[in-house]
Amino acid sequence: MRRSMCAILLLACSAGGRPQPDEHPVVSPASVHPLGAKEAALPTGEIGRRIAAAADGEVVEIGPGVYHERIQVTRPLTLVGRGRPVIDGGGSGDIIEITAPGVTIKGFAVRNTGIDLEQENAAIRVLAGNAVIEDNVLEDVLFGIDLRESPGSVVKGNRIGGKLLDIARRGDGLRLWRCDHALVDSNIVHDGRDTLLWYSTDITVRGNSASRCRYGLHLMFSDDVKIEENVLSENSVGVYLMYSTGVELTRNQLLNNRGPSGYGIGLKETDQFSATDNLLVGNRVGVYIDGSPFSDKKPGEFTHNTIALNDIGLTFLPSARGNELTENNFIDNIDQVSVAGRGDLSGNRFWKGDRGNYWSDYTGYDQNGDGVGDFVYESQTLFDNLMDKEPKLRLFLFSPAQQAIEFVGRALPAVRPEAKFTDEVPLMRPVPARYVTADNRGGSGFLAAAGCVLTALGGGIVLAVTWPSRSRRTASGGEVSGLTLVFGGVR
Amino acid sequence: MNTISVADELVVAGRRTVPPSHARNVLTVAHRELREAVRSRWFILYTVAFAVLGLGVSFVSTAVAGGTGLSGFGRTTAGLINMVLLVVPLMGLTAGAGSVASDRERGMLQYLLAQPVTPGEVLFGKFLGLAVSLLACLCLGLGTCALVLSWQGQPTRPGSILWLAGLSFGLAMAMLSVGMLISVLARKASVAVGTAVFVWLVLVFVTDLGLMAGVVSLRMRIEDLFLLSLANPVQVFKMWSLHAAGTTLDVLGPAGLYAMDQYGPRLHAIFAACMAGWVAVPMVIASVTFSRRPLI
Chain A
76 MRRSMCAILL LACSAGGRPQ PDEHPVVSPA SVHPLGAKEA ALPTGEIGRR
126 IAAAADGEVV EIGPGVYHER IQVTRPLTLV GRGRPVIDGG GSGDIIEITA
176 PGVTIKGFAV RNTGIDLEQE NAAIRVLAGN AVIEDNVLED VLFGIDLRES
226 PGSVVKGNRI GGKLLDIARR GDGLRLWRCD HALVDSNIVH DGRDTLLWYS
276 TDITVRGNSA SRCRYGLHLM FSDDVKIEEN VLSENSVGVY LMYSTGVELT
326 RNQLLNNRGP SGYGIGLKET DQFSATDNLL VGNRVGVYID GSPFSDKKPG
376 EFTHNTIALN DIGLTFLPSA RGNELTENNF IDNIDQVSVA GRGDLSGNRF
426 WKGDRGNYWS DYTGYDQNGD GVGDFVYESQ TLFDNLMDKE PKLRLFLFSP
476 AQQAIEFVGR ALPAVRPEAK FTDEVPLMRP VPARYVTADN RGGSGFLAAA
526 GCVLTALGGG IVLAVTWPSR SRRTASGGEV SGLTLVFGGV R
Chain B
0 MNTISVADEL VVAGRRTVPP SHARNVLTVA HRELREAVRS RWFILYTVAF
50 AVLGLGVSFV STAVAGGTGL SGFGRTTAGL INMVLLVVPL MGLTAGAGSV
100 ASDRERGMLQ YLLAQPVTPG EVLFGKFLGL AVSLLACLCL GLGTCALVLS
150 WQGQPTRPGS ILWLAGLSFG LAMAMLSVGM LISVLARKAS VAVGTAVFVW
200 LVLVFVTDLG LMAGVVSLRM RIEDLFLLSL ANPVQVFKMW SLHAAGTTLD
250 VLGPAGLYAM DQYGPRLHAI FAACMAGWVA VPMVIASVTF SRRPLI
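If you read the protein sequences in the order shown, they are chains A and B. For the first sequence, this note's numbering assigns the number 76 to the initial residue and increments by one for each residue that follows. For the second sequence, this note's numbering assigns the number 0 to the initial residue and increments by one for each residue that follows.
Fair warning: there could be bad hints in the mix.
As the list claims (entries may be wrong) - Some chain A residues judged to face chain B by a derived CB distance under 7 Å, without partners named:
no.	residue
1	Val155
2	Gly158
3	Arg159
4	Val161
5	Lys427
6	Gly428
7	Asp429
8	Ala523
9	Thr530
10	Gly533
If you're looking for bench data, these hints aren't it; they were derived computationally from the structure. Where is the CB? At the ideal position from N, CA and C, for every residue including glycine.
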């Protein structure tokens, strides 16, 4: 599914080279349809009557309770739920549809949409500008909040929980489609498909979290985007930026995004971007760079990021050039930097002036104490090199055979690979990280307990065997009971 | 404990009101083997070496990632798995290889088999005793590592050390079983131990390097690669411990992804079956051979 979608995207975008922003091939989402006959079968409920009775611009307050109805807001109104009223869609169709500009929906719980992917059943669908969707709880929804051509909208403080379907049958938790100047703030999305921000200019995405989705954030043809302080964990991909210009990624946390894609940050033909103070931990690939930046107007800037404990810290496709990485921490990634396939990284810079990056596997020293290593950092382990060329070899990671190969690579200069890149001024100490908090699973107490149990078991066996040896020969029953004791401990 | 006393025990066991059973004979031999093993030099050597290596790995890994407070599949787990892969097969193989052959060489086996006990009972008794001694050795080594890691406040996934201990024991049993087969077949103790070291080299290095060469030169398919690697108990241990430590197998690249996609939740069972096969098959062959010609 993912592969075919990528293929479609590639097809759409490769036709005739990269399209300019003003000639985006706008593939409209499933045709906007009025609420169907079947869906309209639900009678107009209390909320519908209140809306019908309200004047334009009025604030309509809805009290607590469960409302089984579909809601169409066709006039500018502010709909406020008091005591979090529940609007239940009964498992079919959309639930709230907004067709007038300037509508506010606040404080509701919306649940139980249909599961029709073709119709894109959504909890809240916005078809007009300047909408404010705030502080709603969406549960068991196919599509959560779906904004189509609603510039200037605000989506803030919502919690969106998708249906626990197979990923191919899920919908997008949050989708912005041609929504310029939008703000997406402090939302929590989980168990959805993607959070999409497509064809939108000047948007801010701040303080959101997405987990167990496919794409935590997916940008296509969206320019001038600020992505700040989001936490994207356990998705297939944390942030995927495609064909976008002017993206700033700041203080985001990208944690444990794994799977066949498994990128913390993916950059595909994105231009004029910068990534600063982000934390990327435990992803399959920390940063994946494909053809970015695509112009030479501004280098791709990676500064003060901490890229730690990923399988691969950074992957470059051979075409990627024009990136500058300074003062980042590369800590304990199995493969710190890789080039997919053949090629080198000569078009990218890993140091600027007298500041390089911190590499946890740097073996040099700093005699003059200026904080910069006295030798260059070169990435040239033979096994890394082999893995880059033949990913199947990753199967042999952590095995002694891997170390044998690396030893050969170090001992015999003849087989030593070319350095993938060099950092002339590697830092001796990690750059102090400015992310909010590190994910610390703790477990020290448990570990101590496990250690005690293991040591006691081992020591117990030794003691049980050696201790009663004197009495063994005289008391004939002793040995059997001694053994039972030992094996009892084992079982 | 010397030969005479074992014979005494067997005779004493035979004189008891309860008739001697297979289980009792096996346990008696096992107990004797265990006692001998625990007091032997190799046990102390291996225990100390294992613990010291483990501690080294723990210290180095915490020193590197220290201060960041980050957790994940880090150098600690990788280092421990790596050390187990290197040391435990050697322990199991040499312990097994030394058992029968050296007894035979010293004339102890003849004496033992003159007692009311079958060759199969002797063999399984020895296996059991050595397995328990290896368990003690592994528990002491990994237990110390766990204590040091927790003392240093190293964040590790809860349970992973217990999994590692259990799976190391499985690997040790498999290797012990192979070692005993070698021991039964070999005429001399020195030949047995030499063969064991050679087998260790093959399992730990040669097969992996050969498979790597196959991947690169023959363009081996992923499914073939995965199935072939299942044939090597050392690889099975590695994949299983990664899988059990809560890491997804995609850390192992396309082959790991294939394994997850194809087998998913059945992976534990598959790994367990492979490991059990490596414990059972060599032992069965060894016991059949040994029962026919215990003294060569």
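The hints, checked one at a time:
1. For Val155 of chain A, the shortest C-beta to C-beta distance to chain B is roughly 42 Å, which exceeds 7 Å, and the interface hint is violated.
2. A cut of 7 Å between beta carbons decides the hint on Gly158 of chain A: the least distance to chain B is about 40 Å, and the hint is violated.
3. Among the interface hints, the one on Arg159 of chain A is violated; its C-beta lies about 36 Å from the nearest C-beta in chain B, farther than the 7 Å criterion.
4. Hint status for Val161 of chain A: violated, given a least beta-carbon distance of 36 Å to chain B, over 7 Å.
5. For Lys427 of chain A, the suggested interface contact is broken, since its CB lies about 24 Å from the closest CB of chain B, more than 7 Å.
6. Against a cut-off of 7 Å between C-beta atoms, the interface hint on Gly428 of chain A is violated, since the closest Cβ of chain B lies about 25 Å away.
7. Interface restraint check for Asp429 of chain A: the shortest CB-CB distance to chain B comes to about 24 Å, outside 7 Å, so the restraint is violated.
8. Given hint, Ala523 of chain A at the interface with chain B, holds; its Cβ is 4 Å from that chain's nearest Cβ, closer than 7 Å.
9. At its closest, the beta carbon of Thr530 of chain A sits 3 Å from a beta carbon of chain B; the interface hint therefore holds under the 7 Å criterion.
10. Nearest Cβ of chain B to the Cβ of Gly533 of chain A: about 3 Å, under the 7 Å cut. The hint holds.
Of the numbered hints given earlier, the model fails hints 1, 2, 3, 4, 5, 6 and 7; all others are met.
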